[in-house]
Amino acid sequence: MAGTPRLAELRKWLAGRKIEHVVVLGANGTMGYGSAALFTQAVPKVTFLARTREKADEGLAAAVKQVRSPTVASRSGVGSYDEDLESAVADADIVFEALTEDLEIKREMFDRVEKVRRDDSIVATVTSGLSINQLCEGRSESFRRHFMGLHFFNPPNVIVGTELIAGNDTDPELVDFVEAFSRLRLGREIVRTFDTPAFAGNRVGFKVLNEAAQLAEQLGPVLVDRLVGPYTGRAMTPLATIDLVGWDIHRAIVDNIHQQVADEAHATLKLPDYMANLMDQGVLGNKSGGGFFKKEGKVRHVLNPATGGYQPEADIKVPELPYIEEVAHLHSMGRYREGMRVFLEASGEEAALARKVIAGYISYAFHRVGEATESITGIDMIMGAGFNWAPPSVLVDTFGKSEAVQMVEQAGLPVPPALVEAARSGEPNSFFNEPRVNIGKYFVAG
Amino acid sequence: MATPEVYVLGGYQTDFARNWTKENKHFSALMREGVRGALEECEIAPEEVESAHVGNFAAELYCMQGHLGAFFTEVDPAFSGLPTGRHEAACASGSIALLAASAEIEAGRYGLQCVVGIEQMKTVSASEGGAFLGTAAWYDQEAEGVEFPFPKLFGRLGDEYDKRYGLDDEYLAEISRLNYDNAKLNPNAQTRTWYMNKEHALCRTDDNPAVGGRIRIADCSQVTDGVAVVFLASRDYAEKWAKGVGQKIDDIPRIKGWGHNTARLRFEDKVAESREDEYVLPHVRSTITNAWQRAGLSDVNDVDGIETHDCFTTSEYMAIDHFGITAPGESWKAVEAGWLEIDGKHPINPSGGLIGAGHPVGATGVRQLLDGYLQVTDQAGAYQVEGARNFQTLNIGGSGTTSCSFVIGR
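Residue numbers (our numbering), protein chains in the order written: chain A, 1 to 446; chain B, 1 to 410.
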């Protein structure tokens, strides 16, 4: 694939360093045990560390359950920070930090790690959006040279898209090494991003998710998930996705972006007040028993954002949207371009709203080139391999460039200069330049 | 007169991890996506296609759909009226379609052929699908009433090796590990996200259950949905096409040689026939050597890599000595020495093979040739065998019954 290093190059990057022992900090959390399980595939020894030994045991049990291989248990050890951190970290080739997304908590942990780590060990953080440079600020030169972000997506055993983020002082050879190790040994699709808030995938992805949550206040969750549904290029609908990742995680990510950057789509990154209020009452999505949707017995109930109450999905009236049926039918026959043309031409304010969200995704993604990644390919790859969404370039190619420009204009959103230029030149080249990646898989017929 | 040349212009493969039932897609979408992907990839206008051959094993069973040659015409209005047909030889169906298409080019009938290997299998449960696959054996004698007949037949292939030469399952686990590792480099491999290592492949617990004698889940290729498409062309067409895309005709790969044999259907009859032979499946051996002879090659040292039919680890173990990488019965030596790695002496299945890349039955033969094409044109990306000029495929239907092999090279 274009952009993917060749095997010979990856093998060269991999030479001269062995990973025999990985220590995972925060191994009881979802990302902690998921990452630790992933490491056991390729590393002979993985130590699960948590605040207590019991918590680490829970992490290991969850990892065994997630992966269902006896090698998860046979290659793993457990321990607590107080009793085992110093000896484990002193022996580790990679120290992998997966603590709560809190700068101070992580920095305190790095203080302890720095005192005992070997000078040549790699320290990686799975943070989904905190600054890599801030996280290692004030640490020794050796620490900063060996420190980087390695952002797996949840669950790591299923989602291969992974962001690799170097800090200002990270040794470039180590970044190459981690890329090669992650690709060859862990089967990751690596995208290098810059050290910007939420990096590339979550920056672009959660902007769309949050906009869907904002729209749900007026339209209700059922209609929103229908409008921004599978036919627009995704396996899972947006509000169901927020329920799955957890409202608290969603809040942490969008608040972080909203506070730190004032980009052209700032307003769409403000967490809706109803979500903040409901979170105060303990609503966190699937992990708290329900969010936008919850199952009661076999019946799906839906949140009313205005009241905080739930009602059975069958009782909720949504407008008939025959154009969605038509797009889904065309997708089911593999006629994706024709399907997206029907979407572009559909009349009615609902269709216009759906187009606005998709136009916002395209506009926002293309505007992040140079800021979050070097080229649109990086954003494309992480949206495809990390979110299972049609990458922005795939959508532009499928709509047609001029049509995509027009769609963004009609939505009243800023048109990325690269799109304008491509539409003007009239050249048939596609933006998406990964010929080995099927674009059809993103257009689910539903 | 020398046999006319058959050129390979490229093609397209769907992501074998996809489940088309979950995507709510009809069989025709699979066909359409594969063919349109190939047209775009090769910059060929639909009007240029003169004939099409579809390789498929059992769409009647899996999808309640026959007459797949006719389905080809649904892909584009320009295809209406084309001569098309469907070919079946169990897991070798794709190669049989390639053979028919290339024979028509050699006969001078057509200049540009589209060859489609296609199978949608995730429409039914594993046990139901296992029974369908049993029709690739002598059904009422070898498969009827047997749960998962094929793992059992290929378990017996391992047992036959064990009896004649000795076989340590550790080498089978290593074959599995290598195919899974290679698959991680292939963006269209079914198992690229799956958890595997040698220790797991060797484990004898419920995490890796036995499905047929010594065959465990880690030893199996997995059923999946997929299509692979290639374009084959005469020299005249290839020259014209090469000019259009700015390439030299000498850089376009050709099918240099082929082999094709069919042995008796029942496994026990094949094994009985080979009792005095140093090769367990001598018809597979002659398929491979015939391809070399037709390609003007002397032995396995003349090819830079192999895409072989590892429907189970035992079939790859068999292929190693049948290709002559080791003496008969000594396949383990090549495994142990690391010769089969992508940068080893005799790379096998850089794509991940059937175990790693997936085995949508009718698609496999075409997928193997397409991977050979990618290798010899330096387009295989992360699983590229450096400097590959000649690649060989081995595609097997049934329990070593129909075997086909192609040498593709420049």
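Since the hints were made in silico from the structure, they are not lab data.
Treat the numbers as computed from the prediction; the structure is a model and nothing was measured.
Mixed in with the good hints there might be a few duds.
[Claimed, not checked] In silico DSBU-like cross-links for lysine-lysine, where the CA-CA straight-line distance does not exceed 35 Å:
1. B:Lys122 to A:Lys295
2. A:Lys270 to A:Lys115
3. B:Lys22 to A:Lys287
Checked hints:
1. B:Lys122 to A:Lys295: Distance of about 28 Å is within 35 Å: holds.
2. A:Lys270 to A:Lys115: Since the Cα atoms of lysine 270 (chain A) and lysine 115 (chain A) sit roughly 40 Å apart, the hinted pair is violated (cutoff 35 Å).
3. B:Lys22 to A:Lys287: 25 Å, holds
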